[in-house]
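First to last, the sequence lines map onto chains A and B. Per our numbering, the very first residue in the first sequence carries number 1; after that it's consecutive. Per our numbering, the very first residue in the second sequence carries number 1; after that it's consecutive.
It cannot be assumed that every hint is accurate.
Computed footprint of chain B on chain A; a stretch qualifies when at least three of its residues, placed anywhere within it, have a C-beta under 8 angstroms from a C-beta of chain B [claimed, not checked]:
id : stretch
1  : 36 to 49
2  : 56 to 62
3  : 96 to 108
4  : 112 to 120
5  : 126 to 140
6  : 152 to 165
7  : 175 to 186
Quick list of in silico lysine-lysine cross-link-like pairs, DSS-like style, CA-CA up to 25 angstroms [what the hints assert, rightly or not]:
id : chain 1 : residue 1 : chain 2 : residue 2
8  : B       : Lys196    : A       : Lys130
9  : A       : Lys130    : A       : Lys28
10 : B       : Lys201    : A       : Lys130
11 : B       : Lys303    : B       : Lys368
12 : A       : Lys167    : B       : Lys216
Just so you know, the hints here were simulated from the structure itself, not pulled from any lab data. Glycine included, C-beta positions come from ideal geometry on N, C-alpha and C.
The lines below spell out each chain.
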Amino acid sequence: MAGGIKKFVVGSFDDEAVLFPAVKKVRKAGYKIHDVYTPFPVHGLDHALGLRETSLHTAGFIYAVTGTTTALSFMSWVFTKDWPLNIGGKPHFALPAWIPITFELTVLFSAVGMVLTFCYLCQLSPFVKKHHFHPRATDDLFVMAIECTDKTNDAELQSFLESAGAKEINVQVAETGWWIGRYDREQKLYREEKGY
Amino acid sequence: MSLLKYESQLREPLVDGNKNYHQVTEDIIKPIESKPTRLWYIGFYISVLLLLFGVYSVYREVTYGIGQWNLNKSIGWGWDITNFVWWVGIGHAGTLISAILLLFRQGWRTGVNRAAEAMTIFAVMCAGQFPIWHMGRVWMAFFVLPYPNSRGPLWVNFNSPLLWDVFAISTYFTVSLLFWYSGLIPDLATVRDRAKTKLRKLLYGIASFGWTGSTKHWQRHESLSLVLAGLSTPLVLSVHTIVSFDFATSVIPGWHTTIFPPYFVAGAIFSGFAMVQTLLIIVRKVMGLQDYITLGHIEAMNKVIVLTGSIVGCAYLTELFIAWYGQNPYEWYVFSQNRANPFTPYGWSYWLMMFCNVVSPQLFWSRKLRRNIAVTFFMSIIVNIGMWYERFVIIVTSVYRDFLPSSWSTYYSPTVWEIGFYLGTFGLFFTCFFLFAKYFPVIAVAEIKSILKTSGENYKAKMTSIEKSDAEKFYIEEVENAH
Numbered sequence: 001m002a003g004g005i006k007k008f009v010v011g012s013f014d015d016e017a018v019l020f021p022a023v024k025k026v027r028k029a030g031y032k033i034h035d036v037y038t039p040f041p042v043h044g045l046d047h048a049l050g051l052r053e054t055s056l057h058t059a060g061f062i063y064a065v066t067g068t069t070t071a072l073s074f075m076s077w078v079f080t081k082d083w084p085l086n087i088g089g090k091p092h093f094a095l096p097a098w099i100p101i102t103f104e105l106t107v108l109f110s111a112v113g114m115v116l117t118f119c120y121l122c123q124l125s126p127f128v129k130k131h132h133f134h135p136r137a138t139d140d141l142f143v144m145a146i147e148c149t150d151k152t153n154d155a156e157l158q159s160f161l162e163s164a165g166a167k168e169i170n171v172q173v174a175e176t177g178w179w180i181g182r183y184d185r186e187q188k189l190y191r192e193e194k195g196y
Numbered sequence: 001m002s003l004l005k006y007e008s009q010l011r012e013p014l015v016d017g018n019k020n021y022h023q024v025t026e027d028i029i030k031p032i033e034s035k036p037t038r039l040w041y042i043g044f045y046i047s048v049l050l051l052l053f054g055v056y057s058v059y060r061e062v063t064y065g066i067g068q069w070n071l072n073k074s075i076g077w078g079w080d081i082t083n084f085v086w087w088v089g090i091g092h093a094g095t096l097i098s099a100i101l102l103l104f105r106q107g108w109r110t111g112v113n114r115a116a117e118a119m120t121i122f123a124v125m126c127a128g129q130f131p132i133w134h135m136g137r138v139w140m141a142f143f144v145l146p147y148p149n150s151r152g153p154l155w156v157n158f159n160s161p162l163l164w165d166v167f168a169i170s171t172y173f174t175v176s177l178l179f180w181y182s183g184l185i186p187d188l189a190t191v192r193d194r195a196k197t198k199l200r201k202l203l204y205g206i207a208s209f210g211w212t213g214s215t216k217h218w219q220r221h222e223s224l225s226l227v228l229a230g231l232s233t234p235l236v237l238s239v240h241t242i243v244s245f246d247f248a249t250s251v252i253p254g255w256h257t258t259i260f261p262p263y264f265v266a267g268a269i270f271s272g273f274a275m276v277q278t279l280l281i282i283v284r285k286v287m288g289l290q291d292y293i294t295l296g297h298i299e300a301m302n303k304v305i306v307l308t309g310s311i312v313g314c315a316y317l318t319e320l321f322i323a324w325y326g327q328n329p330y331e332w333y334v335f336s337q338n339r340a341n342p343f344t345p346y347g348w349s350y351w352l353m354m355f356c357n358v359v360s361p362q363l364f365w366s367r368k369l370r371r372n373i374a375v376t377f378f379m380s381i382i383v384n385i386g387m388w389y390e391r392f393v394i395i396v397t398s399v400y401r402d403f404l405p406s407s408w409s410t411y412y413s414p415t416v417w418e419i420g421f422y423l424g425t426f427g428l429f430f431t432c433f434f435l436f437a438k439y440f441p442v443i444a445v446a447e448i449k450s451i452l453k454t455s456g457e458n459y460k461a462k463m464t465s466i467e468k469s470d471a472e473k474f475y476i477e478e479v480e481n482a483h
């Protein structure tokens, strides 16, 4: 749940063309980028940040196979073991007739499983609240949050970001995880005296 | 983004006007934040009235039984199943736009996918009503589910196309809903972050699931969308295939044919696109979204209409030919008499269908007519009428003259409650659609932003001059920046 309270230098960019070189520079300079928040999926940004590929699709495949097996094994069990029905003398194990349902369950398991996994991995759920570094990160700003360590010189980092093209720069102390909360209320998880 | 993708200057811009990212947000989210217009209220109340009429019609049917409808001994499926197939078909365009066009990398889908997906969900909701209430004893509806019961357990018949339908429609609804909502989450977060009132912050805060726009989340979101599109593509084809199996696996002349699956799928896409046109032509006008749903979008959809309409026409003719060529006298009688003979009781419906679905869409070979909004709107209505008649023709003309000529004479026409039920689903559909248009972003904001710099009018204009002045430098810069 709580990811911990950390200090961040936050730079907001208004153009992804400026953002890409800035990401490169910041990483080269040895700073640790906590995350970049963008209003839309910026292609290649995940690579620029050095993120590994997601394996969500692999999970999707596993769910799909689960669906296929569930459907086939269940129908076989019902029609050959549990209650074999004689339908016009046709075989009990009527594989061709089960293809539609098998296919539907494959898709259903895969889709539902993937969406749930996606929500779990990204910690998405109703009543989940997270720290937002900039309200315009969902509108038109590309917001880069750089994690500060004990050794980080804030002032230096801020001017470095400015030279890299950031339009707005500030320092924020924030909770990195998520908590149960509502967006119409100001809620802080940590007490002021805790440090920062 | 713009640096990674380059779009030919010959292509028409997908977003007109001088737009930047913020302007896109403003344009699309403004209608959610302002009070609905008078037109919205009028439309909404009419829809609710229709819905109430539908609820009353269904109430009559449940209380007094299926006899409230004019179904009879040979016509066991009439308006109800016609409407079911019609609504399911309409839903297909949404999935086609959001899934198949995503896989085909069609940029223009971004302007219309959100509304089309919403249409899919509402249309499937409407479709589902018909088989459910047609059960008569609707309180037994859960018998279609394979659950461990105290009757044996007596399981459902997994070999029956009607059960396949249960699985197909419910899977289709679930997957479409998940696909639509996962796409909505980032846009709802945009609405949340702009919200001024407490209530709006609360509700959109709940609805947006705490979305931040983190790069890792976007990466997973992209992967999710792509796989869901990959799953939805065969799914959408399977759904109407299975709906057509309801007919094709029977031994009724006129139904027992192998052409049904592809023919139904093409027809579904055809009617779905017509409905998308009807809705979006109104939406773009009422909400002032002409810059996002451009003439180019309308033209692209009209191209799909002329293509699928012609596939459907081809299927009609093939079916007719095979009925003759197959030398089955019963099959040929259905086609030559019940359908193609205009002097039989339902002959007119066959020719109406032919005219609406096959002849009239041919207008769209003309670019001028494809880009004419009035013509498109009119045609979209014609196509939907035609596609309704297609299902009517398939169902009713195949069964009204059954194997026993003495039971032929019955002329089937719907009762007011049967019509009321149909109108009620219109009420349901439009009530949902009006609420959607008011409270949700009708265009995928994030997706429009992601194509803005490649396909926006102002950005394209800028690119043209750079491209022309120094092509080599342009290329190097683009490629350098991309990596």
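Tested hints:
no.	hint	result
1	36 to 49	holds (count 12)
2	56 to 62	holds (count 3)
3	96 to 108	holds (count 9)
4	112 to 120	holds (count 5)
5	126 to 140	holds (count 12)
6	152 to 165	violated (count 0)
7	175 to 186	holds (count 4)
8	Lys196(B) with Lys130(A)	holds, 19 angstroms
9	Lys130(A) with Lys28(A)	violated, 29 angstroms
10	Lys201(B) with Lys130(A)	holds, 14 angstroms
11	Lys303(B) with Lys368(B)	holds, 12 angstroms
12	Lys167(A) with Lys216(B)	holds, 23 angstroms
Of the numbered hints stated above, those contradicted by the structure are hints 6 and 9, listed in ascending order.
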